[in-house]
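> This is what each chain is made of:
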Amino acid sequence: MGLATIQMHLGQWKAPSAPSTAGQRVERKLLEAAQNGDDAAFGRLIERHQQPLLRYLCRLVRRSDVGQDLCQETFLRAWRHLEKLDSNRSLAPWLYRVATNLALNYLERRSWRFLPLLRRGRDGGTVEMEILSEAAGADELMARLQSIETVQEHLEKLAPHHRAVLLLYYGEDLSCRELARALDVTESAAKVRLFRARKRFKTLLSQRGDS
Amino acid sequence: MNCQEVRERVLGSGSTEAAPFEVKQHLRECRDCALEAQISEALLGAIAAMETPRADLVGAILARRRSRASWPTTLLQMAVFLVLTLCLGQLFPKLLVWVPGASSVDAFLTWPIEKASWVLAWFVGGFDALGELVHGYVKPLQGGLFRGLAGLLILAGLNLGMLVHSGKSGGAA
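Top line first, the protein sequences correspond to chains R and D. The working numbering applies: residue 1 is where the first sequence begins, and numbers increase by one. The working numbering applies: residue 1 is where the second sequence begins, and numbers increase by one.
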């Protein structure tokens with residue numbers, strides 16, 4: 001199956017969210033109020049988004065204290081850029097974009113500090129050590145997929161930028177359009193990233209001798 | 001029903017439970033599609049099962065936002081830092097007489113690297129304070145002041161070490 005076909009599939013996996021739901025109308029009003037200096041409205045915006053964002057960040061950086069710090073930093077950046085935020089668009093993808101950048105920067109710094117032996121990818125992220133081994137068969141792969149622990153373990157082995165894409169798509173239930181906004185790329189580029197992250201996950205999972 | 005249609009209908013949702021009969025039939029027959037569907041399901045399940053803490057960050061965020069840096073606080077911070085630097089600069093050479101092996105106070109005072117490092121240390125603290133102003137809020141531990149002071153102490157230690165070393169090796173610069 002070619003990349004173009006996969007991209008087409010990914011595009012139809014999730015329909016883009018409806019442009020104007022009741023929740024989005026409330027959020028728009030809160031954002032406009034916050035932009036006019038209403039502290040309580042900004043507080044309510046934080047309340048609405050803090051749990052999903054914290055959950056995403058903790059899953060990505062795998063440390064709750066760092067996740068909380070990055071979550072705070074994300075909202076402080078939102079506050080700093082409040083005037084520039086478009087109240088007609090959902091705030092969540094923008095928050096996820098800032099949170100992802102902060103988390104990837106944190107993981108990048110941490111990898112320089114504590115994991116100097118890891119090879120570095122062309123895009124600056126760490127890449128996992130390749131294990132030269134024979135790939136597992138489909139049956140074995142399916143058996144590994146049955147175990148939540150095994151899947152989680154292999155998710156953690158993924159490079160952070162791949163893990164971020166999978167967490168946003170499967171964990172936060174973003175559509176491809178929202179994923180594209182969260183990653184600050186075009187929709188087709190987001191689909192390619194999702195495809196590559198899945199492919200990488202499948203490759204890691206299929207390696208014999210490391211599970 | 002071909003692979004393309006099946007993947008369009010199943011993979012995105014990650015669940016095959018609600019899929020129509022022909023889709024389920026195809027998944028039973030096509031191992032590739034079944035594997036792709038299972039990967040989606042496994043990812044959904046594994047991510048949902050990850051432990052995630054809950055926390056109320058509203059108060060902390062609003063507090064950090066309210067304590068944002070302003071010109072008066074930044075200038076005050078820089079002034080305090082300058083005074084502390086000057087005091088330490090005056091005090092430090094006087095302490096040297098108690099250090100065995102240090103060559104001389106005069107040598108310390110005329111040492112250009114020492115002066116340069118004090119200036120550098122002040123700039124670290126001062127620019128950090130300015131950085132906070134640009135950043136829009138005070139970083140934890142009142143950033144600039146603490147980091148600047150820590151930098152000063154480290155530089156003082158380094159200067160002292162070099163001075164002791166130069167004293168032992170027959171004279172300072």
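Hints were generated in silico from the structure; no laboratory data involved. Take these hints with a grain of salt, some might be off.
Stated by the list, open to error - Cut-off 30 Å, straight-line C-alpha distance, at most; resulting in silico cross-link-like pairs (DSSO-like, lysine-lysine): (1) R:Lys-84 x D:Lys-24; (2) D:Lys-24 x R:Lys-199; (3) R:Lys-157 x R:Lys-84; (4) R:Lys-157 x R:Lys-199; (5) R:Lys-84 x R:Lys-29.
> Any of the earlier hints contradicted here, and which numbers?
1 and 3
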